[in-house]
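Chains as they are written, first to last, in the working numbering: chain A, 1 to 283; chain B, 1 to 332.
One thing to keep in mind: the hints can contain errors.
[What the hints assert, rightly or not] So the derived label-pair ranges between C-beta atoms look like this:
1) B:ASP129 / A:GLN159: 45 to 53 Å
2) A:ALA255 / B:GLN281: 28 to 36 Å
3) A:GLN34 / B:GLY254: 30 to 38 Å
4) A:GLY273 / B:TYR16: 38 to 46 Å
These are computed hints drawn from the structure, not numbers from a lab.
Virtual Cβ for every residue (Gly too), placed ideally from N, Cα, C.
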Amino acid sequence: MKMFKILVCIKQVPMVSELPWDSKTGTLKRELAQGMMDPSSRRALEAGLQIKETRAELGEKTQIIVLSMGPPMAMEILYQAKSLGADKGILLSDRAMAGADTFLTSFILARFIKKEVPDVDLVLCGSQTSDSETGQVGPQLAEELSIPAIGYAADIQLQGQMVRVHRHVDDFFEVLEMDLPGLVTIDQAAYTPRYAAFGGVQDAFETADIIQVDARRLGLDENFNAVKDSPTRIVDVYSPTTRKENRVLKGTAKAVVDQLFEDYGKIISSAMGKDLKGQGEKI
Amino acid sequence: MTTATDIWVLGDYRNYFQSRVTLQILARATHLAASTGGKVCAVVFGHGMDEYVGEYIAHGAEKVYVVDDPALKTYAVETYSFLMTRLVEKFKPATLLVGATRFGQEIAPRVAKQLKTGLTADCIDLEIDPKGRLVQIAPSFGGNLIARIITPHKRPQMATIRPGTFQELVHDGTAKGQIIRLALPTDMPTEKIRCISSEYKPSKAKGIEKADIVITGGRGMGSKGKFKKLFELAALMNGEVGATRPVVYANWIGHDALVGQAGKAIKPKILFAFGISGAIQHTAAIADADFIVAINKNPNATMMRMADVAIVADANQVCSGIIRAIKENIRD
Ligand SMILES: Cc1cc2nc3c(=O)[nH]c(=O)nc-3n(C[C@H](O)[C@H](O)[C@H](O)COP(=O)(O)OP(=O)(O)OC[C@H]3O[C@@H](n4cnc5c(N)ncnc54)[C@H](O)[C@@H]3O)c2cc1C
Ligand SMILES: Cc1cc2nc3c(=O)[nH]c(=O)nc-3n(C[C@H](O)[C@H](O)[C@H](O)COP(=O)(O)OP(=O)(O)OC[C@H]3O[C@@H](n4cnc5c(N)ncnc54)[C@H](O)[C@@H]3O)c2cc1C
C-alpha cells in the first residue's frame, strides 16, 4: 500500500518575551534568545501524530516529515519533533534566507516541498506563531503549492484521499471537505500537544534522518537575498511606550478594594459594561 | 507603475452585527485618503448585499465595486481570492485593506500571494509617511513589540486590520457614492473546498478568549471550594473564569479554562489574576490583556511585576471584598 505522507511545518521561536532585537535592521538577534518550538507548530505536529496513530491501528503506514526554515540552532526543534514521533526532519538554513517575510518564507518552504516531497498528501501548519504571529505562512504556502487549504481546523478526519474538517470561525461552525493533496492549519486551541520523554530527545540525536539544506542545494539564485527580495520591509521595531505603572496596593482587604475602585472604578465599569455608583469616588 | 491612489477595503459583512470592522477600516481609509488623495472604495462579493453597499456608502465609501451573483452566496476562500485579485489587477488600487477576521486572515494572504505583493498582519494603526507610503503598524510577540512595516516597491500595499482598532464614522444617510456593478468573470475556477455545513451561532457567552473581563485563579486560591468564589465574581462582572495548570490538574475547573501555552490565549480589557505566580508558560498567553490587576501575598511574584495594579493581600479576602463592593454599588 502507498505510504501516506504528512509534512508538518514547524518554526523555532524565542522562549522569552523580552527580546534582543536589532533596532537598525528591525530584525531579531535570534541567536541571543533561547529557542523553543512555536506552540502553534506543536499543535500541527500533534495533529499529524494523531493521524499517524489512527492509521497505524488500521495497519496503514504514514510518514511524517517536519520542515523548518531558520538558523542552525533550529535543528533542536527537529530533534524534538523526531523524539515525539516524526520520521524525518529538514532544516532550510542559509544566511541568504534570513529575514524572509511570509511571502518569501512560503516561497522557500514550497520550493523544498516541490523539489523533494512532490508526492506529499497532507501539509499541516500552525495557525499563528507566538513571535511574529502573522498567520500568513499556511495560506501562502498552499497558494505556492497550488493546493486547496482549510484554516483553523479544530478536528481533521482523514477519509481516503479526502479530509473532513470541523472548525469554528467568526461565529460560524463549519464542516468542510477537500480532496488531497491539501493544506490544513490547526486552530490555537485544538490538538493539545503531548510532551516528549527526555530519553526520547537523547535518542533522536543519534539519527541521520535530520538534515540541513542551504540555498544552493535548494536551487535558489545566487543573488537571492531574503531581506532585499521580501515585498514588505520592517522600518523599525519598538516596545510599546505605554509602560505599565505597576502600582502596588497594600493593606487590609477592605482598604485595598476601596482603593482599587477609587482609582480604577472607571476602567472596571467600562469593561463590565455596567455603571457603578460613585465612580471615581470612594465606594 | 501607474500613479494609483485609491484605497480599497474588502467588505466583510458575513458577521455584520457582531463585527463592524469594515466600517472601522473605511473610517481610517477616509483619514488616510485626505493626505494621499485618491478615493475610498469598498469591494463586496456575494448575493443580495445591497443593504451592506448602502451601509458602506453611509460610512465613508465613495465608490463600491459589487459582484453580485448566486454563485457567490457563501464565502469561499478560493473563489473570493480569485475575484479580488482580478479586480485589483483591473483597477490597480494603491492600497488594499482587509479586516483581520478569520475569514480576512484566510483570504488576504492568498490575494497578496497572487498579486506578488506584501501583507502586514493584524495592524493596530495605519499612517502615511512623508513619501506617501502606507506605514503598517502591527504588534508581535504578544504585544511586547510593535513593528512598523512598509511595502516599498510592490502595489497594492496590503494589510489586515484588527477589529476594534478604529472608530467608525457616524452613519450619514445622505452620503452619495458611486456603485460599480461587475459581472462574474467567465473563467472562474471551481472551488475546491466543499462546504458540508455552516451554522451561524453568535456566541452570547463570549468564551474566555473573547471576554472583556477575565478572572484567573491559581494555586494561591487554596482549594476547590474557595476557587468557586471566582465564578460568583465573574457572573457579577460579566466576565469569564480562567485558571493555571495546577488548578486545572487539581480539577478545580475544566480544561477549557486553562490559560497559557498548553491552553488558551486571552485578551481582555481587564484581567484579575488571583494567587498566580506568573510562570512564562502562563504569562505568554496574557500579554494582550489591556489592564492587569494581580492579587498575591508575595509582592515579588512575576505576575505582580507584570501588573498595572499589584495588590499585596490574601486572594480570597480580596475576591470577597470585590464581590461585596460590586453588589453594593451596581446600577441596573
Ligand atoms: C516583528 C516582526 C513582524 C513581522 N511582521 C510581518 C508581517 O506583517 N508580514 C510579513 O509578511 N512578515 C512579517 N514578518 C516576517 C515573519 O516573521 C516571517 O516571515 C516568518 O518566517 C513567518 O511568519 P510568522 O512567524 O508570522 O508565521 P505564521 O504565518 O504565524 O506561522 C503559521 C505556521 O506556518 C508555519 N511556519 C511559519 N514560519 C515557518 C518557518 N520559518 N519554518 C517552517 N514553518 C513555518 C508553521 O507551521 C507556523 O505554525 C515579521 C517579522 C518580525 C520580526
Ligand atoms: C511544558 C509546560 C507547559 C505549561 N503550560 C502551562 C499553561 O498552559 N498554563 C499554565 O498556567 N501553566 C502551565 N505550565 C505550568 C507553569 O509552569 C506553572 O507551574 C503554573 O502556571 C503555576 O501555576 P500557579 O501560578 O497557579 O501556581 P504557583 O506557581 O504555585 O503559584 C501560586 C501563587 O499563589 C500565591 N499565593 C499563595 N497563597 C496565596 C494567598 N492566600 N493569597 C494570595 N496569593 C497566594 C503564591 O505567592 C504564588 O505566587 C506549564 C509548564 C510546563 C513545564
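Okay, the hints, checked on the actual structure:
Against the hinted window of 45 to 53 Å, the Cβ-Cβ separation of ASP129 of chain B and GLN159 of chain A comes to about 51 Å, which satisfies the hint. For ALA255 of chain A and GLN281 of chain B, the Cβ-Cβ distance of about 33 Å falls inside the hinted range of 28 to 36 Å, so the restraint holds. Between GLN34 of chain A and GLY254 of chain B the beta carbons are some 32 Å apart, a value that agrees with the proposed interval 30 to 38 Å. With their beta carbons about 21 Å apart, GLY273 of chain A and TYR16 of chain B fall outside the hinted range of 38 to 46 Å.
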